[in-house]
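Keeping the supplied structure of chain A fixed, place chains B, C and D upon it in accordance with the hints.
Number of protein chains: 4
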Amino acid sequence: MSSFEKIKLQLRAFSEARDWDQFHSPKNLAMALVVEAAELAEHFQWLTEAKSAALNTDKLAAVAEEIADIQIFLVRLADKLDIDLDKAIARKMELNEHRYPVEKARGNARKYTEFDDGD
Amino acid sequence: MSSFEKIKLQLRAFSEARDWDQFHSPKNLAMALVVEAAELAEHFQWLTEAKSAALNTDKLAAVAEEIADIQIFLVRLADKLDIDLDKAIARKMELNEHRYPVEKARGNARKYTEFDDGD
Amino acid sequence: MSSFEKIKLQLRAFSEARDWDQFHSPKNLAMALVVEAAELAEHFQWLTEAKSAALNTDKLAAVAEEIADIQIFLVRLADKLDIDLDKAIARKMELNEHRYPVEKARGNARKYTEFDDGD
Amino acid sequence: MSSFEKIKLQLRAFSEARDWDQFHSPKNLAMALVVEAAELAEHFQWLTEAKSAALNTDKLAAVAEEIADIQIFLVRLADKLDIDLDKAIARKMELNEHRYPVEKARGNARKYTEFDDGD
Chain A
81 MSSFEKIKLQ LRAFSEARDW DQFHSPKNLA MALVVEAAEL AEHFQWLTEA
131 KSAALNTDKL AAVAEEIADI QIFLVRLADK LDIDLDKAIA RKMELNEHRY
181 PVEKARGNAR KYTEFDDGD
Chain B
81 MSSFEKIKLQ LRAFSEARDW DQFHSPKNLA MALVVEAAEL AEHFQWLTEA
131 KSAALNTDKL AAVAEEIADI QIFLVRLADK LDIDLDKAIA RKMELNEHRY
181 PVEKARGNAR KYTEFDDGD
Chain C
81 MSSFEKIKLQ LRAFSEARDW DQFHSPKNLA MALVVEAAEL AEHFQWLTEA
131 KSAALNTDKL AAVAEEIADI QIFLVRLADK LDIDLDKAIA RKMELNEHRY
181 PVEKARGNAR KYTEFDDGD
Chain D
81 MSSFEKIKLQ LRAFSEARDW DQFHSPKNLA MALVVEAAEL AEHFQWLTEA
131 KSAALNTDKL AAVAEEIADI QIFLVRLADK LDIDLDKAIA RKMELNEHRY
181 PVEKARGNAR KYTEFDDGD
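Chains as they are written, first to last, in my numbering: chain A, 81 to 199; chain B, 81 to 199; chain C, 81 to 199; chain D, 81 to 199.
Isolated chain A (complex conformation) (with noise of 0.2 angstroms):
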């Protein structure tokens, strides 16, 4: 089974043992999860890039507390709209090959919109 399967089927465990099903809508758990995100994005924001590639025990800690929350409602959310992560996943990681084909992309952060600006 995949991770993600695996995943889903706990969560749908843990939601229905607490009757939380009723807060889970697919908006619900979309600000939810901007909420997690951006509290993961406050351990970084006043760190240098460096700093932030060399952070001590303690703060990879929470900083992994947050990665998981994150994951947790991108699997809840995917469960509700019926989207299967695995394939979700296989098919964008297609289309990046297609958008940011190797000689356009190499080195620079350009969004793929923006290939054939001069900038």
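These aren't lab readings, by the way, just hints derived from the structure by calculation.
The reader is advised that the hints may include incorrect statements.
The list makes no distinction among identical chains, and a pair is therefore deemed to hold if it is satisfied within one copy or across any two copies.
[As the list claims (entries may be wrong)] Derived lysine to aspartate or glutamate pairs resembling DMTMM-like cross-links, with alpha carbons at most 25 angstroms apart:
1) 131 <-> 96
2) 131 <-> 174
3) 88 <-> 166
4) 88 <-> 101
5) 184 <-> 162
6) 86 <-> 194
7) 139 <-> 129
8) 184 <-> 85
9) 160 <-> 96
10) 139 <-> 96
11) 86 <-> 164
12) 167 <-> 85
13) 86 <-> 138
14) 131 <-> 146
15) 184 <-> 99
16) 131 <-> 177
17) 86 <-> 145
18) 88 <-> 119
19) 172 <-> 183
20) 131 <-> 101
21) 184 <-> 164
22) 167 <-> 194
23) 167 <-> 138
24) 172 <-> 194
25) 184 <-> 166
26) 139 <-> 119
27) 131 <-> 164
Note that the structure is predicted; figures quoted are calculated from it, not measured.
Leaving out everything else, chains B, C and D in the frame of chain A:
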């Protein structure tokens, strides 16, 4: 191999081919993650909760793409910080079991830090 | 003097006294701004729309504090980029008048880019 | 009249003419605010801090537009919650003076809740 492991390896190859590691500091990836989470939220911002659960096919495909983007940056960030996603999630779900005991959490959306409040 | 001008000068003095300019790159301020906006959103994430309009006094005070945080970072960022907030807002409101003509926008929440869609 | 008062009245007229009050619950406005804040952040996500302070004219105009969007939703949300922005900001800045005394805050970006930590 875990789904996360598989995606991680694919993303490493993808980034290496494009020389994108230079942009992928944890700080930048965390920022990109919030941006993607907000793009997801944008699809839902003016919808009622009921309508957010009844998206048409086009909207659903667009949402699935955003969800995949979040997943991609999440795996990438965890990789850069050397965080094992499977373990981080297992740990957080165990923590949530303790923080949200069924008898206290049932039917309400309070945060565990608010359980002793009279509200 | 415009409210924005007044706040801008206060914030300059506040930051200077604390030697915080070193942290206030536009990148960092933009990141801090999303984080604050998400802290605001957190207050609303599990509420129905109706309940979000009927906060109790404590909640309202907490929300007002978050709103002030956002305003503070917004003025600070505009200052760092030398953007005149009064002018930027006037310009955007004029633009919105054109993008959302009453006859097309009345009673729907579509984005101006979607006006020709049959949807 | 305060800048905020002026913008507030303009936005009321704008929304009324379009019958948009039905969409402007505090919950929805808070969500829209995070989305706009993230659109702003997107402009900076792959830039170094130094480059984020040296935007070209086009980028700066785009950023100014996003800043205006945030300001607009912020004023609108405050109006819907009957929060006086001028007062809320004055109160928060006073609070910040107490939370971040110069001698403790000088030259570091720690949150006031972390001041007693040895770090």
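Taking the hints in turn, this is what the structure says about them:
Taking identical chains as interchangeable, the C-alpha atoms of residue 131 and residue 96 lie at most 25 angstroms apart only when they sit on different chains, with a minimum of 22 angstroms there against 41 angstroms within one chain. With identical chains, the CA atoms of residue 131 and residue 174 are never at most 25 angstroms apart, being 33 angstroms at best within one copy and 30 angstroms at best between copies. Within a single copy, residue 88 and residue 166 get their C-alpha atoms as close as 12 angstroms, and across copies as close as 13 angstroms, so both meet the 25 angstroms cut-off. Taking the shortest alpha-carbon separations for residue 88 and residue 101, only the intra-copy value of 13 angstroms comes in at or below 25 angstroms, while the best inter-copy value is 31 angstroms.
In the homo-oligomer, the alpha carbons of residue 184 and residue 162 never lie at most 25 angstroms apart, since the shortest distance is 35 angstroms inside one protomer and 29 angstroms across protomers. Proximity of residue 86 to residue 194 under the C-alpha cut-off of 25 angstroms is found in neither arrangement, the shortest distances being 39 angstroms within a copy and 30 angstroms between copies. For the identical chains of this complex, residue 139 and residue 129 are neighbours both inside a copy (15 angstroms) and across copies (22 angstroms), given an alpha-carbon limit of 25 angstroms. Neither within a single protomer nor between protomers do residue 184 and residue 85 lie at most 25 angstroms apart by alpha-carbon distance, with minima of 36 angstroms and 27 angstroms respectively.
In the homo-oligomer, the alpha carbons of residue 160 and residue 96 lie at most 25 angstroms apart inside one protomer (13 angstroms), although the nearest pairing across protomers, at 34 angstroms, exceeds that limit. Taking the shortest Cα distances, residue 139 and residue 96 never come within 25 angstroms of each other, neither inside one copy (32 angstroms) nor across copies (27 angstroms). Taking the shortest Cα distances, residue 86 and residue 164 sit within 25 angstroms of each other both inside one copy (13 angstroms) and across copies (16 angstroms). Proximity of residue 167 to residue 85 under the C-alpha cut-off of 25 angstroms is found in both arrangements, the shortest distances being 12 angstroms within a copy and 16 angstroms between copies.
With identical chains, the CA atoms of residue 86 and residue 138 are never at most 25 angstroms apart, being 28 angstroms at best within one copy and 28 angstroms at best between copies. With identical chains, the CA atoms of residue 131 and residue 146 are at most 25 angstroms apart within one copy only, with a shortest distance of 18 angstroms there and 27 angstroms across copies. For the homomeric pair residue 184 and residue 99, the shortest alpha-carbon distance between copies (11 angstroms) is at most 25 angstroms, but the shortest distance inside one copy (50 angstroms) is not. Proximity of residue 131 and residue 177 under a CA criterion of 25 angstroms is satisfied in neither setting, with 31 angstroms inside one chain copy and 28 angstroms between copies.
For the homomeric pair residue 86 and residue 145, the shortest alpha-carbon distances inside one copy (19 angstroms) and between copies (21 angstroms) are both at most 25 angstroms. Taking CA atoms no more than 25 angstroms apart as the test, residue 88 paired with residue 119 passes in both settings, with 23 angstroms inside one copy and 23 angstroms between copies. In this homomeric assembly, residue 172 and residue 183 come within 25 angstroms of each other (Cα to Cα) only inside a single copy, at 19 angstroms, whereas the closest approach across copies is 38 angstroms. Taking CA atoms no more than 25 angstroms apart as the test, residue 131 paired with residue 101 passes between copies only; the shortest distance there is 16 angstroms, against 40 angstroms inside one copy.
In this homomeric assembly, residue 184 and residue 164 never come within 25 angstroms of each other (Cα to Cα): the closest approach is 31 angstroms inside a single copy and 32 angstroms across copies. Taking the shortest Cα distances, residue 167 and residue 194 never come within 25 angstroms of each other, neither inside one copy (27 angstroms) nor across copies (28 angstroms). In this assembly of identical chains, residue 167 and residue 138 lie within 25 angstroms of each other by CA distance solely across copies; the values are 16 angstroms between and 35 angstroms within a copy. Taking the shortest alpha-carbon separations for residue 172 and residue 194, both the intra-copy value of 19 angstroms and the inter-copy value of 24 angstroms come in at or below 25 angstroms.
Taking CA atoms no more than 25 angstroms apart as the test, residue 184 paired with residue 166 passes in neither setting, with 27 angstroms inside one copy and 34 angstroms between copies. Taking identical chains as interchangeable, the C-alpha atoms of residue 139 and residue 119 lie at most 25 angstroms apart whether they share a chain (13 angstroms) or sit on different chains (20 angstroms). Taking the closest pair of Cα atoms, residue 131 and residue 164 come within 25 angstroms of each other only across two copies (20 angstroms); inside a single copy the shortest separation is 36 angstroms, beyond that limit.
The structure fails hints 2, 5, 6, 8, 10, 13, 16, 21, 22, 25 (numbered hints given earlier, in ascending order).
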